[in-house]
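Use these hints to put chain B onto chain A, whose structure you have.
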Amino acid sequence: MLGCYVRATEVGRQPWIVYGYMRTSEAVNPAGGLRFGLYVVMAVYAVLAVLTVVVLRRFRYVPAAPAETREEVTV
Amino acid sequence: MSDVALALILLGLSAYLLFGGADFGAGVWHLTARGAEDRKVIEHAMAPVWEANHVWLIFVMVMTWSAFPPVFADVMGSHWVPLSLAVLGIVIRGSAFVFHKAVPDGAYGWAFGVSSLLTPFCFGAVAGAVATGERWLGPVGIYAGVLTCALCAYLAAVYLTWDARRIAPSATADLFRRRALATGAVVGALALPGAVGLGVRSPLLFLSAAAGLVSLALLVARRYVAVRASAALAVGSVLWGAASLADLDLDGAAASDASLTVVYGALGVGALFLVPSLVWLYVLFQRAEPPASEPVTESGENLRLRPHN
Numbered sequence: 001m002l003g004c005y006v007r008a009t010e011v012g013r014q015p016w017i018v019y020g021y022m023r024t025s026e027a028v029n030p031a032g033g034l035r036f037g038l039y040v041v042m043a044v045y046a047v048l049a050v051l052t053v054v055v056l057r058r059f060r061y062v063p064a065a066p067a068e069t070r071e072e073v074t075v
Numbered sequence: 001m002s003d004v005a006l007a008l009i010l011l012g013l014s015a016y017l018l019f020g021g022a023d024f025g026a027g028v029w030h031l032t033a034r035g036a037e038d039r040k041v042i043e044h045a046m047a048p049v050w051e052a053n054h055v056w057l058i059f060v061m062v063m064t065w066s067a068f069p070p071v072f073a074d075v076m077g078s079h080w081v082p083l084s085l086a087v088l089g090i091v092i093r094g095s096a097f098v099f100h101k102a103v104p105d106g107a108y109g110w111a112f113g114v115s116s117l118l119t120p121f122c123f124g125a126v127a128g129a130v131a132t133g134e135r136w137l138g139p140v141g142i143y144a145g146v147l148t149c150a151l152c153a154y155l156a157a158v159y160l161t162w163d164a165r166r167i168a169p170s171a172t173a174d175l176f177r178r179r180a181l182a183t184g185a186v187v188g189a190l191a192l193p194g195a196v197g198l199g200v201r202s203p204l205l206f207l208s209a210a211a212g213l214v215s216l217a218l219l220v221a222r223r224y225v226a227v228r229a230s231a232a233l234a235v236g237s238v239l240w241g242a243a244s245l246a247d248l249d250l251d252g253a254a255a256s257d258a259s260l261t262v263v264y265g266a267l268g269v270g271a272l273f274l275v276p277s278l279v280w281l282y283v284l285f286q287r288a289e290p291p292a293s294e295p296v297t298e299s300g301e302n303l304r305l306r307p308h309n
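Going down the list, the sequences are from chains A and B.
Our numbering numbers the first residue of the first sequence as 1 and each following residue consecutively.
Our numbering numbers the first residue of the second sequence as 1 and each following residue consecutively.
Excised from the complex, chain B in its bound form:
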């Protein structure tokens, strides 16, 4: 029964990496953005889903302490410093983003970008430490933290290429495309040797490398929707590879079947509300046309006049 719980935790972690991770990555690109156009694309893409993706983090935490209480206590006890820093990063990030929207100011934008790096670094370092049993500020932890930041930046660049194509001049979309190609190459060069060195088993390695190469090819071919799926697969398989390394005594740590039954029941009811809401949220803001209630602006006119190809 606890296998289902473990699968759900991995699923939640994957969703957090793929959706929340892209938000962190967008914050990193916001930090390095040179023009107003790419900042605008990032803010446009992020504003509607602002902080909604942290629902996956809460899901993972609740599942872990409900299904594997000793594991939760152990991880929290030994890694409360990086985990607290990650949460502080989330708090500062969300606040700085809103302050920056309200009062465009370099300091708020800077705080937003730096906290967008701090949180994935800390989460990645903890994941590396849990998977290998090393310290979070040891070589493995730092490697996992840097790799997580790179994965987030890569995902964000891939996702934002499509967003930029819809709402910004083509030069901006091309900028994100080049960023996606460059970070994709960097991530591959970082992830694969590390995975081999740490002893990740071959099917996941192969899957990640293949999906990464397909993503690069799709980016070159400008297939911006398809590359979202293949990049997500490439990034997700890195997480699953790390999970395959972890040597946790999950059977001994699992809660009783009675507790797990209640947890699954609550999850089913919660999913009835959560899944349709999230799907609706993503669909609404990925539509090509802005909602009719938005003021028609200069760029809104341009959007309608630009040929759809």
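So that you can see chain A by itself, here it is in the shape it has in the complex:
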């Protein structure tokens, strides 16, 4: 069961490999330093996750008015 799920979701995300002909390990970019790219992506998404929580918590105290009407006040 789990195997089906993993295949259905993850194989479709690697459309550059060819089932039965090219393995994921053969499709890895040979460029050096790729791990640093991964670290940067992880850091950016960690910050985005924190900011999402911050923004949602802000809404708990200040109910969000539709942006268009709220900004009219300053016009």
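Possibly wrong hints are sitting among the right ones.
As the list claims (entries may be wrong) - Quick list of the computed label-pair ranges, beta carbon to beta carbon:
#1 A:44 / B:269: 31 to 39 angstroms
#2 A:20 / B:2: 20 to 28 angstroms
#3 A:29 / B:279: 18 to 26 angstroms
#4 A:23 / B:223: 35 to 43 angstroms
#5 B:282 / A:60: 49 to 57 angstroms
Said to hold, decoys possible - Stretches of chain B that chain A covers, calculated by requiring three or more beta carbons in the stretch to come under 8 angstroms of a beta carbon on chain A:
#6 76–89
#7 92–105
Hint data in this document are derived by calculation from the structure and do not stem from the laboratory.
Ideal Cβ positions, reconstructed from N, Cα and C, are used throughout, including at glycine.
Only chain B this time, still in chain A's reference frame:
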């Protein structure tokens, strides 16, 4: 058969530059905006098509790896750093725009504007590097990156002039018009000598220069709809000029005819859904009147009372 694939890739790149590029440019103007009015015009123009234009980037990537796998592998292998930075810019831009809408805050607006510069710079630098074979952080790459940012800012100013005229005081529309004139002059001064220096062939040079001059004249004459087309032509021909420089072995790199046939079939089916959806999206949000479901606001009233000229 691979010529069709190349033409489609160029078409996708052009669409990304003309639609997505204007989004990046709008982010740059958001960064430099001085008043609330011009920010509002930018947010109003961008919110409905938020990130939809990246569909062209995905199209170009899928087409490249399907039709010319070795070219895709080569470009990704040697330019993964600027391409990753460009994608990070897209991610940060989209998130910052939403956070800024939710919680208006200087930091989110700043992140939105800076990432709007980072992405076109990186894409432009990679395009310059691929077209000429130089490094992306060499003089040619940096020139192409800066030129791409300027092209985006120019397109955005041209498009936003019309949007501002519909939804903002006339002073705001005039501000975008002056920005379009100024960036148009800067882009022309940047693009033409560079194109001559890099050896772009003359028909495209002539086309770009002519379309650019016509655009400036149309802006002076306040023909804001016509200038959208001529500015798009001027910007697109810069991209085609760069493509004419690229010396890639496409025949040797093309996928087999069997693969290409499948790719074209899938494209045809996809286009049946994608093209009408995008046309509908653009048409809906370019209408003069806001949809009836939107709350009628003070500026909404003004919009109806303002004479249409």
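To see whether the hints hold, each was checked on the structure:
Range check, residue 44 of chain A to residue 269 of chain B: Cβ separation about 35 angstroms, and the 31 to 39 angstroms hint holds. Distance hint for residue 20 of chain A and residue 2 of chain B: a CB-CB separation of about 25 angstroms, consistent with the stated range 20 to 28 angstroms. Distance hint for residue 29 of chain A and residue 279 of chain B: a CB-CB separation of about 36 angstroms, inconsistent with the stated range 18 to 26 angstroms. At roughly 57 angstroms, the beta-carbon separation of residue 23 of chain A and residue 223 of chain B lies outside the given 35 to 43 angstroms, and the hint is violated.
The hint said 49 to 57 angstroms for the Cβ distance between residue 282 of chain B and residue 60 of chain A, and at roughly 36 angstroms that hint is violated. Using a Cβ-Cβ cut-off of 8 angstroms, 7 residues of the stretch 76–89 of chain B lie near chain A, which meets the minimum of three, so the contact claim holds. With a threshold of 8 angstroms between beta carbons, the proposed coverage of the stretch 92–105 of chain B by chain A holds, since 6 of its residues qualify and at least three are required.
The structure fails hints 3, 4, 5 (numbered hints given earlier, in ascending order).
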